[in-house]
Amino acid sequence: DAGITQSPRHKVTETGTPVTLRCHQTENHRYMYWYRQDPGHGLRLIHYSYGVKDTDKGEVSDGYSVSRSKTEDFLLTLESATSSQTSVYFCAISGSGGVAGELFFGEGSRLTVL
Amino acid sequence: DAKTTQPPSMDCAEGRAANLPCNHSTISGNEYVYWYRQIHSQGPQYIIHGLKNNETNEMASLIITEDRKSSTLILPHATLRDTAVYYCIVSAANAGGTSYGKLTFGQGTILTVHP
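Quick mapping for you: the protein sequence lines, in order, are chains U and H. According to this note's numbering, the first sequence is numbered sequentially starting from 1. According to this note's numbering, the second sequence is numbered sequentially starting from 1001.
Looking at chain H on its own, in the form it has when it is part of the complex (with noise of 0.2 Å):
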């Protein structure tokens, strides 16, 4: 699997649009992008994942560049609540067979939301 460069931390404002950059240069064609986040020592909460298109849903968007070398996610509105480690991870996972689901976490980014 690609890895993946993000920023140890960030600061947002609460109620402004939180975005974190991921840099997976070295992607391949068949590896989608996902997101997931993790609060506190709670287990990790899948967000939102991409191929080549960007992706919406109701917890977030994803914005990946055209050569799909970097890609962005979108907390619209960044609440408390949002105050979390996001990870980016790239993988091959929908292969299929006993790749399923395989991911390859790295250290993620600190988003603090900040009243």
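Chain U on its own, in the form it takes in the complex (with noise of 0.2 Å):
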């Protein structure tokens, strides 16, 4: 198994705090990417790295930020979360060296915003 971590898995918070979500890879692949779970919307990309300090935008990035000072860190924020943000988070990665299109994706973090 590709050596990601996610942190936190499970996170219970209220409407307007502030939320960071940690991905952690151990394989120094060069791209990572963040993605939404929800019923009825499957995967959805919300931001993606493909490169120490070098970010963009998915189709969902409104309400979310991130960060990667190191390669095997990619951090999502949610600056002031809100009950839409309601979800199941995952990170996924890539190398440049195998397949393009082939992403190792993490366990998942379960976001509650009440």
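No lab work stands behind these hints, which were simulated from the structure alone. Values in this document were obtained by computation on a predicted structure and should not be read as measured data. Where a beta carbon is used, it is the ideal one built from N, C-alpha and C, also for glycine. One thing to keep in mind: the hints can contain errors.
[What the hints assert, rightly or not] Pairwise CB distance ranges (calculated):
1. P1021(H) with G3(U): 30 to 40 Å
2. A1017(H) with E14(U): 48 to 58 Å
3. S84(U) with P1076(H): 35 to 45 Å
4. S84(U) with P1008(H): 20 to 30 Å
[Unchecked claim] Partial pick of chain U residues on the chain H-facing surface, computed with a CB cut under 7 Å:
5. Y31
6. G42
7. L43
8. F90
9. S94
10. A100
11. G101
12. E102
13. L103
14. F105
15. G106
16. E107
17. G108
These two chains come separately, so use the hints to put the complex back together.
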């Protein structure tokens, strides 16, 4: 299994509070992604990173920011959580030496915003 | 990325082959077909991918029609552990640069394998 760790795995928070989800990899892969999964919507890309300090928006980036200060960590921040951000968040990684579309996913972080 | 159409659900008997279809009639020449599956609430798992030719690995076979407008994922001997949501994705993720690895997941097909 790819070395991907997401933390926290479960979190309950209140509307308006900041939340940071962490994705840590031990594979030294260049590319990292944050997806969210909601019933009826499948997985949707929030943000991705193609290198240290290099990030870009996905299809549902509003309300989220990311940072990648080192290869192994990709942080997803909700500056002021809303109930619509209640979801399961998946981090994924891929390496430039392998299959371009072969992503390795973490176990997910379940976030509930009350 | 081109969009795909998959049946919402399928059933299969354990030990039989599961054939999961996918339509991607607007696929472009540089787009690959990828298949992933997601078991219960785990993270999605890569299965196989292809461009034009049929592909086979230890998990499955991928059959792509000559016009590339549709494909079929084949699980040759389905087991109960193959019960999952299967996603067919068409993407130019191989294009490199900032598009590398970007995949758009649809609703997928819920495959239920029965004893």
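Verification of the hints:
1. P1021(H) with G3(U): 30 to 40 Å: 35 Å, holds
2. A1017(H) with E14(U): 48 to 58 Å: 50 Å, holds
3. S84(U) with P1076(H): 35 to 45 Å: 42 Å, holds
4. S84(U) with P1008(H): 20 to 30 Å: 25 Å, holds
5. Y31: Holds - the Cβ of Y31(U) comes within 7 Å of chain H, reaching about 5 Å at its closest.
6. G42: 5 Å, holds
7. L43: 4 Å, holds
8. F90: 5 Å, holds
9. S94: Since chain H brings a Cβ to about 4 Å from S94(U), closer than 7 Å, the hint holds.
10. A100: 4 Å, holds
11. G101: OK, holds: G101(U) within 7 Å of chain H, min 4 Å.
12. E102: With a closest approach of 5 Å, the E102(U) hint holds.
13. L103: 6 Å, holds
14. F105: 3 Å, holds
15. G106: 6 Å, holds
16. E107: 6 Å, holds
17. G108: Nearest chain H Cβ about 6 Å off; hint holds.
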